[in-house]
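One letter stands for each residue in the lines below.
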Amino acid sequence: MSLAVDLVMVLLILTAAVWTILARDRRDAVIAFIVLGLLLSLVWMRLLAVDVALTEAAVGGGATGLVLLRACARLLPVEADGALPGLRLQVAVGVLCAVVGACLAAVILSPPEPAPSLAPAVAAHMEDVGLKNPVTVVLLAYRALDTLLEKVVLVLGLIGVWALAPDLFWGGRPASLRAAVPSGTLTFLARVLPPIGVLIGIYLVWNGADHPGGTFQGGTVLAAMWLLVMMADLGDPPETRALRLRRLVAVGPALFIAVGLAGFGMADGFLSYPPGYAKPIIVAVEVALALSIAVILGLMVAGPAAKEPDQ
Amino acid sequence: MSLLLDLFTIVAVSGGLFFFLAGTVGLLRFPDTLTRLHALTKADNLGLGLIVLGLLPQCPDIVSALKLVAIWALVQLGGATASQLIAEFARRGGGER
Amino acid sequence: MAEFLFAAAAIVLVLTGLGLARMLWGPSPADRMMAAQLLGTGGGAIAVLVAIAGDMTAVLDIALTLALLAAFAAVALTLGEPGSKRRGGEE
Amino acid sequence: MTPATLYGLCAAALVAIGLFGLILHPSPLRKVISFNLVGSGTFLFFGVAARRGAVAGFLGDPVPQAMVITGIVVAFAATALAVALLLRMLESGAPTVDGPPEQPDDLSP
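Protein chains in written order, with this note's numbering: chain A, 1 to 311; chain B, 312 to 408; chain C, 409 to 499; chain D, 500 to 608.
Keep in mind that the hints were calculated from the coordinates and are not lab data.
There may be inaccurate statements among the hints.
Straight-line C-alpha distance at most 20 Å; calculated DMTMM-like pairs for lysine to aspartate or glutamate [said to hold, decoys possible]:
(1) A:K307 with D:E590
(2) B:K353 with B:D343
(3) D:K530 with A:D167
(4) A:K279 with A:D146
(5) D:K530 with D:E590
(6) A:K307 with A:D167
(7) A:K279 with A:E127
(8) A:K132 with C:D463
Distance ranges between label pairs, derived from CB positions [what the hints assert, rightly or not]:
(9) A:L234 with D:S591: 37 to 47 Å
(10) C:A429 with B:D372: 35 to 45 Å
(11) C:P435 with A:P120: 48 to 58 Å
(12) C:A429 with A:I159: 39 to 49 Å
(13) A:G171 with D:T501: 53 to 63 Å
(14) C:P435 with A:L89: 21 to 31 Å
(15) A:L243 with B:P342: 22 to 32 Å
(16) A:L243 with C:A429: 44 to 54 Å
(17) A:K132 with B:R403: 43 to 53 Å
(18) A:Q90 with B:P342: 34 to 44 Å
(19) A:S2 with B:D317: 18 to 28 Å
(20) D:T501 with C:E411: 14 to 24 Å
(21) C:E411 with B:L315: 11 to 21 Å
(22) A:P274 with C:A429: 54 to 64 Å
The structure displayed is predicted, hence computed values, not measured ones.
Backbone N, C-alpha and C fix where the C-beta goes; we use that ideal spot for every residue, glycine too.
Chain A extracted, bound-state conformation (with noise of 0.2 Å):
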């Protein structure tokens, strides 16, 4: 019974991916892979893995769908998109790809026994941090660094976005994001759900401590609020030269790194916690981190600048 619903839950997954590549309009495509993105979501539920399930769903289904719709809404229709070429080439790939996909089957086929497993590792340490949620545990304990190069990343990110402005444009307001018909319903729901949508995130940073949930979740939630206020045109994307928003991308790395160095006097090294205080240095530097990732995910949508900035 079980192994049925699985086999389903497999086969529509597939039906999405192969969509994907097949869809002839790229738009198509893109539903496609929201589709697949919410399917992935409900995979990992199945694996007992709740904190990726949110993070599927929130940045699957939402951010990344809404990135490429907007890219196809920006680029001219044209037929010739989904054409693949020529049979025989066709052919050629798929066989090598169908060996890739073969030796990824045959190593999933022939696991080490047994299951290789960080686990107790993890366990010996939940005492010491005092979080019940293991995931918190590995991202801003056991693994921070990890978390910090990410964040890092999250910040590169964004400059090279927005190091693709033309000169001219430099720290002026990305292109807006409304529709292209106002809409009357688009702006009710961008008043009602936006309070709600903050409540929830926040809700979702603070569980992340002991429960499914925490930063990235709570985080892109809290972004995508931002984008549908922007996308209701209740409020343009802000100048990329705003020193407050710049402060706000920068804050949480920041603390993270701060709270990092002081642990070369405060505890055993970089980024050790001294004991006892695990806790409300983690909660401190999750909620600046989730902070940080929402404007900085909101901005990486809204791309790169498109305007002059005001005199």
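Following the hints, position chains B, C and D against chain A.
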């Protein structure tokens, strides 16, 4: 009492499943975009609504029950807005080339 | 009771999964988006059923996130349309 | 066959399908989407490893799970950067299979 509540859950959730069936059949069988949209909202409103209603007696605590109601309310809001937007989109011919 | 709720979740998955046929047939992007919309609602229903049946209240948060972002993809779809002069560009 | 194994095979298929599109699609946007498919497959791989490593009272090994969360966010950042790059490329008039760029008024001198 517990038996009665269980019975209520089974009836309500089955009702929800029926409306999901109705939504899917409508989405697949109805002739044009706007009628299909009508079928879709049945799943949003009544499908999820009845399932949430049926699950309420089974909730372990009051917070879960409140979350269930919030989920339904959010889907109402989101689903109704999405339907409206999709309908406007289809009417303007955004669907066709 | 738990078995019944798990079975109900499986049925919702099959039903909303069948809706994916609309994603393949189209004919318009609006129709395809409806398949995604149905699956989003179905995903929320599956999450609440599994959360209560398996006594994993954390799963309710997944449903909450899905419900919150239910309209998001549909809003994004209307950003740019063929036939309109401006496609998400600047004034 | 356990569900984890089944999803592992699904992950392998996702990587293969994504790779196919990544190699064959001429359009850059379609390449970006295909690349995201490869990414999703890879993440699912990690999920299977996490599910198998469920010991010490955890439902899954939290280390791969945390890495997947990091990975999803980085993949999003990469997608956003790639899309911005692609749009800029079109606006600057570079000929691609995506056709001529739209005429944004704000870019006219």
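Status of the hints after comparison with the structure:
{"no.": "1", "hint": "A:K307 with D:E590", "in the structure": "holds (14 Å)"}
{"no.": "2", "hint": "B:K353 with B:D343", "in the structure": "holds (16 Å)"}
{"no.": "3", "hint": "D:K530 with A:D167", "in the structure": "violated (28 Å)"}
{"no.": "4", "hint": "A:K279 with A:D146", "in the structure": "holds (19 Å)"}
{"no.": "5", "hint": "D:K530 with D:E590", "in the structure": "holds (19 Å)"}
{"no.": "6", "hint": "A:K307 with A:D167", "in the structure": "holds (11 Å)"}
{"no.": "7", "hint": "A:K279 with A:E127", "in the structure": "holds (11 Å)"}
{"no.": "8", "hint": "A:K132 with C:D463", "in the structure": "holds (18 Å)"}
{"no.": "9", "hint": "A:L234 with D:S591: 37 to 47 Å", "in the structure": "violated (31 Å)"}
{"no.": "10", "hint": "C:A429 with B:D372: 35 to 45 Å", "in the structure": "holds (39 Å)"}
{"no.": "11", "hint": "C:P435 with A:P120: 48 to 58 Å", "in the structure": "holds (55 Å)"}
{"no.": "12", "hint": "C:A429 with A:I159: 39 to 49 Å", "in the structure": "holds (44 Å)"}
{"no.": "13", "hint": "A:G171 with D:T501: 53 to 63 Å", "in the structure": "holds (55 Å)"}
{"no.": "14", "hint": "C:P435 with A:L89: 21 to 31 Å", "in the structure": "holds (29 Å)"}
{"no.": "15", "hint": "A:L243 with B:P342: 22 to 32 Å", "in the structure": "violated (57 Å)"}
{"no.": "16", "hint": "A:L243 with C:A429: 44 to 54 Å", "in the structure": "holds (52 Å)"}
{"no.": "17", "hint": "A:K132 with B:R403: 43 to 53 Å", "in the structure": "holds (51 Å)"}
{"no.": "18", "hint": "A:Q90 with B:P342: 34 to 44 Å", "in the structure": "holds (35 Å)"}
{"no.": "19", "hint": "A:S2 with B:D317: 18 to 28 Å", "in the structure": "holds (22 Å)"}
{"no.": "20", "hint": "D:T501 with C:E411: 14 to 24 Å", "in the structure": "holds (20 Å)"}
{"no.": "21", "hint": "C:E411 with B:L315: 11 to 21 Å", "in the structure": "holds (19 Å)"}
{"no.": "22", "hint": "A:P274 with C:A429: 54 to 64 Å", "in the structure": "holds (58 Å)"}
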